Structure formats: C-alpha cells, structure tokens
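So the protein sequences, as listed, match chains Y and E. Using my numbering, you'd call the opening residue of the first sequence number 1 and step up by one each time. Using my numbering, you'd call the opening residue of the second sequence number 312 and step up by one each time.
No wet-lab data here; the hints were simulated from the structure. Just so we're clear, the structure is a prediction, and the values are computed from it rather than from any experiment. Ideal placement from N, C-alpha and C gives every residue a C-beta, glycine not left out. Treat the hints with caution; some may be incorrect.
Said to hold, decoys possible - Distance ranges between label pairs, derived from CB positions: (1) ALA66(Y) <-> SER372(E): 34 to 44 Å; (2) GLY239(Y) <-> PRO345(E): 15 to 25 Å; (3) GLY137(Y) <-> GLY430(E): 50 to 60 Å.
What the hints assert, rightly or not - Residues from chain E that keep clear of chain Y, each with C-beta distances beyond 10 Å, as calculated: (4) ARG317; (5) PHE325; (6) ALA326; (7) SER372; (8) ASN418; (9) PRO419; (10) THR425; (11) LEU441; (12) ASN443; (13) SER446; (14) GLY460; (15) PRO482; (16) SER485; (17) ARG505; (18) ILE509; (19) MET524.
Here are the chains, one letter per residue:
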Amino acid sequence: MAEESSIPAAAAEPRHGLRLLIGWVVASVIGCVLVYFVWGPHLPPGAMSSSAANQQFDTRVLATIATPVVLGVLIYFGYALTFWRAKDGDETDGPPIHGNTRIQLTWIVATSTIVLALAVFGTVELWTTQGAGAGQGPQPIFTPGTSDVLDVQVIGQQWAWTYRFPQFGGFETTQLELPLNQPVQFNVTSLDVIHSFWAYQLGVKADANPGVNNIAYTTPKHTGSFVVRCSELCGLWHGAMFDYGTVVSPAAFQAWAQHTEIQLASVTKILPPFSLTYDPTVVPNFGKVLTELGLTGAGGGYYSPNDPEQP
Amino acid sequence: MSLRARVTTLLVAFAAVSAVVIFVAVHFILASPPVVDYTSSASGGQVNVVMQTDPQNTVTSQPDWVSYFIQNPQTKQWVHTTYFKVPAGTKVNMTIYGYDGCTPLRNPVWGQVTGTTGGVAYNDGAPYSLLNSWSGCNVQHTFSMAGLGINVPIASPTTLKENSNLCGTSPCTSGPHQVVTFSFRTPAVGGTFRWQCIVPCGLGYVDGNGGPMATPGYMSGQMEVQA
C-alpha cells in the first residue's frame, strides 16, 4: 500500500478533459463554418427551385449540426489512441467506471434538445416550403396559399412520362417545360404499375400510383434543364424511364404552351377528358367497337385486370 | 463420417450450388436475344430494316405471346428477336408487316406519329400521323423509342373477318396484315436505344403488362447504333 500511494503518476497527468474540450470547440467552429459556407452551397439537389433550395438548406443545417458530433467522436478517438495507448507489457485493467449523474444528465438533456429542436425545424420546413417538393397525396396539407398556380399532370406509364396541361386545353406531351418563378402543382398519377416522379434538380419527388392523385409543389427559381427519372422499380425498362425538362422564362413558356396546344389539338381531341386519375380498364368507345366486332383476346381485346394469369 | 468424406461432400455441394448459380446467370440474367446486323447492308446513307408483328409465335416455348420478328438482311430469314444494329448518321427506312389484330392503347396519346421523317408513317402507302385506337379497330402495336422521340402506332387489319382469321404460324407469311413504313435518322454518335410496344398486349397478364411486354425479344428491344 505504501508503495502504491507513493506513485506520483496522478500529479503528472495533464488535464485531458480541458485539452479535449478546447480542441473540440476550435475544430467544431472551423468545421461548422467550412461545412455551411464552403461545402453547403454544393450539396444536392442544388437551388434550381424553391423546394430544391430548401432541401439544400435543410441538408446544410443538418450537416452543420452533425459536424461537432462527428468531430467530437473523431477527436476523442484520436486523442485516446495517442495519449492513452497501453504501454508494452502493461496488461492491467483500466480504472473502474461508476455512474456520473452530471454526465448522464448533460447527455440526456443535450440529445433531447437536439432531437426535439430538429422535429420543430423539420415541421417548420415542411410548412414553409409547401411540403418540400414531396408528394402529399390527393389532399395536401401544405399549399402555396395562392391561386396563381400552374397545374401540370404527370402521367406514368411503362416506360415513359407524359405531361398534361389542363390550363392549356388539356394537351398532353412528352415534353415538360415550366415557367420561371411560377408556383407549380404537379398532379402525379399512373396508368399501370407504381412509378415515382423524380425531378431531381427541382427537388420534387412523388410516387405515381394508379388511381391516385399525388400532389407536389415547387416554384422554379432558375432557368435550365433538369432530369426526370422514375425512382420506383417498375419493370423491364425502368432504367430507361427518364427524360429532361426545362425551366424557361414566363414569356417563353406561354409561347411554347400556346403553340403546343394548337399543334396537338387533333391529339387532344381523342384524349379522355382531363381527370385527376384515369381508369385504365375503361375504354368507353372501344368497348362498343369490340362488341360490334365480336373480338376478344389476342384478336383485338383489351385485357382486363379481372382476368389475370398471375396475381 | 470421416474428415475426407465430409470435405468431399462440402466441395461437391459447393460445386453443385455454383453450377446452379452460373446456369441461372447465363441463361436467365445475362441471356439476350440475337442481334440482327444491318450495318453491312447500309448504302448511300440509308438502310432498310424489315420487321413483322405476329399475333402469336410458334417458335418459342411461349406460343401465345405476341411478338416482333426481324428479317436478316442477308438471308431474308425471319429471326425471333427485337435487337438490331444500324450505322450512325443514317436514314433508317422501316417496314413493318403487321399481322396482328387490333388492341386499344391504354393512353390514346400514343396514337400520334412522332420522331419520323415528316412526322408521318404510311399504312399500305397511305400517310397517317394519328390513329385513334379508342374509336375503332385500327392499332395493333407501336414502335416506340423514347430516346429518339419516335412513336409509331402500327396500323392493324380493321374488320371482324380479318381479325378473326389472323396468321396462325410464325413467322407469318400470309394472312390479313398491314404494311407500315416510316423513316428516321440515327444519331451521329453511337449508342443503344431501347424501344418497346406501348400497347398493353400481354394477353392474360395484369393490365396486359406482363409476358411479352416485359420480355426482350417479344415486344421490347433495343437498337444499337454503331458509330
């Protein structure tokens, strides 16, 4: 006992906690500034639309909050490896650790505060960004609060997207053009299986379900092109189910829409009336034609889902 | 069981499982239909590609599946495939013998002809730019290649008599049919462009989407453009 108490090791120990705290605070301040101001503006999906810009902002905030946590773990890890490394031949156990109420309370309060603050932050962000570009179903909670909205219906079908513009006579085209600074309401649906409309640079993503109108909002903020992909595995050519959209000036959009409406007038005439969803098993006129011709099956029938070979 | 026997059993089991995995990979995952090569038959900046649609195919294990066939430019034999190769920067003159009966499009917007020279196709020589498959018996399949913006509804026989007496043996050489022709240009650079029929023509599958619609070599294929 006398030998043990005479060991002066404890007195020589530096203040590890203070060292770690100072190092962590300095690194965190530098790291947070770099993450938010240097890396942040380059985070996906960019700032082409209101929803994309807000998604980028959210990611910047979350990445900035995560930075001190990540640095804390790494700094402690590196410090422990450097200064608390076991010496050769030392096989003794470390000191026993007992409960520390102060540390436990600090941990619980800090993590609870962060999680609850993020919950509030996320809700506010959903509210102020009209759903952050995500599909909100047929009755969206978060709306733009203005009637000056461009309606664009997105129709998925194996394996292509088409777009209907009900405010321009209901023409339907494979081209997607949008006006700058105009709130857009996407009404997303499908004619067959489940697809997912993902306008990447616009920060818009909404499932396309048959028989369902899934609404998403955004406001384009920069001109240019954006990619539209299907993000729901939907069959053989799922990987090829993509196209490109364009954000143009309001005047250019008006010119394009009016020109396309006239150009596609003959096609629009044969389309079903604009509807938020379409029943793919209903072909009103053709059923009559089929009956008159007495055609069924491969001789010209329309294959109803009521007669599937597989579920 | 001796150690030798146990090791031998383990190795045999491993080999058997490996063989099954390789078989599945080669025959089901990596397998693709044959490619009909039109590059050597191009001349004067043009190439003639000939296909046919059949109401069934009697050359595979799925005889009730509708199918495209492509004609070999050298032998003139019909090949059960939907894969073909053409040169880049070339005018492709397509001829499709449509032997199948009519089926309405799920979305009539695909009844318009797009992406072809002049925005038209020809049905037995008569030009058309739009077919309304909901108003009559007039569309059997489509040739739709999204990558090049091409969509051509393939005209079908229109009468009950014709639709009731479709060709019964593949590849079809006789029976009611329409001859649809159109042209388009391949891009200047090489690439692979997928195409499909967009009519829900998979008889007996949910919404007509499965079977031949979802299997390369029947109603889906690809065009290789050789630079």
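A quick look at each hint next to the structure:
For ALA66(Y) paired with SER372(E), a C-beta distance near 55 Å fails the hint of 34 to 44 Å. The hint said 15 to 25 Å for the Cβ distance between GLY239(Y) and PRO345(E), and at roughly 22 Å that hint holds. The given range of 50 to 60 Å is broken by GLY137(Y) and GLY430(E), whose C-beta atoms sit roughly 39 Å from each other. Every C-beta of chain Y lies more than 10 Å from that of ARG317(E), the closest at about 39 Å, which supports listing it as non-interface.
Separation of PHE325(E) from chain Y is adequate, the least Cβ-Cβ distance of about 32 Å exceeding the 10 Å criterion. The claim that ALA326(E) lies off the interface holds: its Cβ sits roughly 33 Å from the closest Cβ of chain Y, which is beyond the 10 Å cut-off. Separation of SER372(E) from chain Y is adequate, the least Cβ-Cβ distance of about 15 Å exceeding the 10 Å criterion. The beta carbon of ASN418(E) sits about 6 Å from the closest Cβ of chain Y, which is not more than 10 Å, so the claim that it is off the interface is violated.
Not every C-beta of chain Y lies more than 10 Å from that of PRO419(E), the closest at about 5 Å, which undercuts listing it as non-interface. For THR425(E), the condition that its CB be more than 10 Å from all CB atoms of chain Y is violated, with the nearest at approximately 8 Å. The claim that LEU441(E) lies off the interface is violated: its Cβ sits roughly 6 Å from the closest Cβ of chain Y, which falls inside the 10 Å cut-off. Non-interface status of ASN443(E) relative to chain Y is broken: a Cβ of that chain comes within 10 Å, the nearest being about 4 Å off.
Not every Cβ of chain Y is farther than 10 Å from the Cβ of SER446(E); the closest lies at roughly 5 Å, contradicting the non-interface assignment. Interface exclusion of GLY460(E) from chain Y breaks down, the closest Cβ pair being 7 Å apart, not more than 10 Å. At the 10 Å boundary, the C-beta of PRO482(E) stays outside the reach of chain Y, the nearest C-beta of that chain being 16 Å off. With a least beta-carbon separation of about 17 Å from chain Y, SER485(E) lies farther than 10 Å from that chain, consistent with its non-interface assignment.
Not every CB of chain Y lies more than 10 Å from the CB of ARG505(E), the least distance being 5 Å, so the non-interface label is violated. Non-interface status of ILE509(E) relative to chain Y is broken: a Cβ of that chain comes within 10 Å, the nearest being about 7 Å off. At roughly 7 Å, the least C-beta separation between MET524(E) and chain Y is not larger than 10 Å, which violates its mark as non-interface.
The structure shown violates the earlier hints numbered 1, 3, 8, 9, 10, 11, 12, 13, 14, 17, 18, 19.
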